[in-house]
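Visitor: In order, the protein sequence lines correspond to chains A and B.
Note that my numbering gives residue 15 to position 15 of the first sequence, counting from 1, and the numbers run on in steps of one.
Note that my numbering gives residue 223 to position 51 of the second sequence, counting from 1, and the numbers run on in steps of one.
Since the hints were made in silico from the structure, they are not lab data.
The structure presented is a predicted model; accordingly, all values stated were derived computationally and were not measured.
The C-beta atom is built at its ideal place from N, Cα and C for all residues, glycine as well.
One should not assume that every hint holds.
Covered stretches of chain B, going by a simulated chain A footprint (3 or more residues, C-beta under 8 Å) [stated by the list, open to error]:
no.	segment
1	228-235
2	254-264
Using C-beta positions, here's what the derived DEER-type ranges look like [what the hints assert, rightly or not]:
no.	chain 1	residue 1	chain 2	residue 2	range
3	B	P245	A	K88	28 to 34 Å
4	A	E43	B	P245	47 to 53 Å
5	B	D175	A	Y139	47 to 53 Å
6	B	K310	A	Y139	39 to 45 Å
7	B	E220	A	K151	51 to 57 Å
8	B	D255	A	L163	46 to 52 Å
9	A	A135	B	M178	46 to 52 Å
10	B	R297	A	K13	43 to 49 Å
11	A	D38	B	A210	31 to 37 Å
12	B	T280	A	D17	20 to 26 Å
With the C-beta cut set under 8 Å, the calculated list includes, among others, these residues of chain B facing chain A [unchecked claim]:
no.	residue
13	R181
14	E185
15	A186
16	I187
17	P188
18	H189
19	E192
20	L215
21	I216
22	G217
23	H225
24	A247
25	E309
26	F312
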Amino acid sequence: MKRSRPEPVQVVKQRRDAALAALVESVPYIRFLNITFDRRGDELTSVLHFDDKLIGNPFLPAIHGGVTAAFLEVTSVITLNWSHLWPKIESGELDPEDLAAGKIPRQPKTIDFTVDYLRSGLPRDAYARATVNRAGRRYASVHVEAWQDHKDRLFAQATGHFLIPQDPASKA
Amino acid sequence: MADKTMLARQFIEAIPHARELGMVLTEIGDGMAEITMAYDEKLIGDPETGVIHGGAVSAVMDTCCGAAVMSHPSAPGGTATIDLRIDYMRAATPGQTITTRATCHHITRNVAFVRAVAMDEDSDRPVATASGAFTVEKGF
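For reference, chain B alone in the conformation it holds in the complex:
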């Protein structure tokens, strides 16, 4: 299982857009993944307040969910998003790192179901939650 985790880690770390946004995979294994993304001015969605754009949160959520799927013991290879819904609970505090945690809570031969949550440094009040369905690919 360590090999799969390593493969998933390599895959995630090779994603050009993930590197561009400064995503760091901090935890992965057994259908669970954690990715952080440091605050950066290029991610700002509201120039008046400096709050980061919802789209940047979507990008980490999507990556984190994909990582969770790939690390699941029953996942044979890569994955692609079928559908992803994100609920935005509050604005992320400007200047703070975003941490996302995703869990692949069910997987079949063809579909993986994932839930995720995004937090800033106040982990008691989530910034956003996500739920999605992903494909189960045989290879990468």
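This is chain A alone, in the form it adopts within the complex:
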């Protein structure tokens, strides 16, 4: 039997990027802060696009500590959610077009979040990457790091614990 021709790689990539964008854009607060995500395979990098409304100390000026915390938390939640969706997208169990069409899965809930402020956030774009250090059936532990001009000079880092939303089907 002849196998059907695989889809062009560009089409697959576009569909996956659209799914990620739908996941991110479904959250009003992420849109308000203007945080976007870049994807390389399963690896995500978030971008906090600078705006004057993000200023916390107008004398320095510096990004508000609460914005930094929110940026790190958003990065953690989306990365954690994506880490659950990615294998399902790869195996074909989940159609990225369903996601793009608005069938958004429940987000993990934050249990606690600890932010370590290393230096002040400068009035320019910031980037962050999160690592899921442990993802159990109910709980996950995520570490996230943020930088601006130099990846090895972090301006903030955080660790958080999250409650994984349970599939209604697997509730026993």
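Knowing the structure of chain A, use the given hints to seat chain B on it.
Guide: This is chain B only, laid out in the frame that chain A set:
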């Protein structure tokens, strides 16, 4: 001491992000501060339920803790967050105003220690608590 309280109030009210989120400083003085933030659709973290994002709660907590530090009788000037931990006890009820109260319970020459709690209109069941360490700056 009234001058310091006024200075802290002016500082907090001048923060662009605090204004953007609609934060209102309702009480300040002697190392204690209270800030409210009205519900707004742009703060939603879960579009299905309309519950506000944890990050928005973090932003008020952080501001409120900073205000508490600046209003402490032994604080000479401004402050910056060194570390802040937030525990989320439950989802805030959609549509309700968030009220945060922070207390600077200990201060040294260099470090201020703060605790805070966030509530919605049901003040008996906190939405979140926070504890953090802040710098003690000589000026603003």
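Visitor: Take the shortest C-beta to C-beta distance between I216 (chain B) and chain A; is it under 8 Å?
Guide: holds, 4 Å
Visitor: Identify whether the interface hint at E309 (chain B) stands, where standing means a beta carbon of chain A within less than 8 Å of its own.
Guide: violated, 10 Å
Visitor: So, as I understand it, the hint says H189 (chain B) touches chain A; can you test that by seeing if any CB pair is closer than 8 Å?
Guide: holds, 4 Å
Visitor: With a cut-off of 8 Å on the beta carbons, see whether E192 (chain B) makes it to chain A.
Guide: holds, 4 Å
Visitor: The hint names F312 (chain B) as touching chain A; please verify it with the least Cβ-Cβ distance against 8 Å.
Guide: holds, 6 Å
Visitor: Assuming the hint says 47 to 53 Å, is it satisfied by the Cβ distance from D175 (chain B) to Y139 (chain A) or not?
Guide: At roughly 48 Å between Cβ atoms, Y139 (chain A) and D175 (chain B) fall inside 47 to 53 Å, so the hint holds.
Visitor: Between the beta carbons of T280 (chain B) and D17 (chain A), is the distance compatible with 20 to 26 Å?
Guide: violated, 50 Å
Visitor: Take the shortest C-beta to C-beta distance between E185 (chain B) and chain A; is it under 8 Å?
Guide: violated, 11 Å
Visitor: Does I187 (chain B) pass the interface hint, meaning its C-beta sits closer than 8 Å to a C-beta of chain A?
Guide: Since the shortest Cβ distance to chain A is 6 Å, the answer is holds.
Visitor: Would the stated hint for A186 (chain B) survive a check requiring a Cβ distance to chain A of less than 8 Å?
Guide: holds, 6 Å
Visitor: Are P188 (chain B) and chain A close enough, Cβ to Cβ, to be under 8 Å, as the hint says?
Guide: Cβ of P188 (chain B) sits 4 Å from chain A, so the hint holds.
Visitor: Given A247 (chain B) as an interface hint, is the shortest Cβ-Cβ distance to chain A below 8 Å?
Guide: violated, 15 Å
When each numbered hint is compared with the structure, violations occur for hints 3, 7, 8, 12, 13, 14, 24 and 25.
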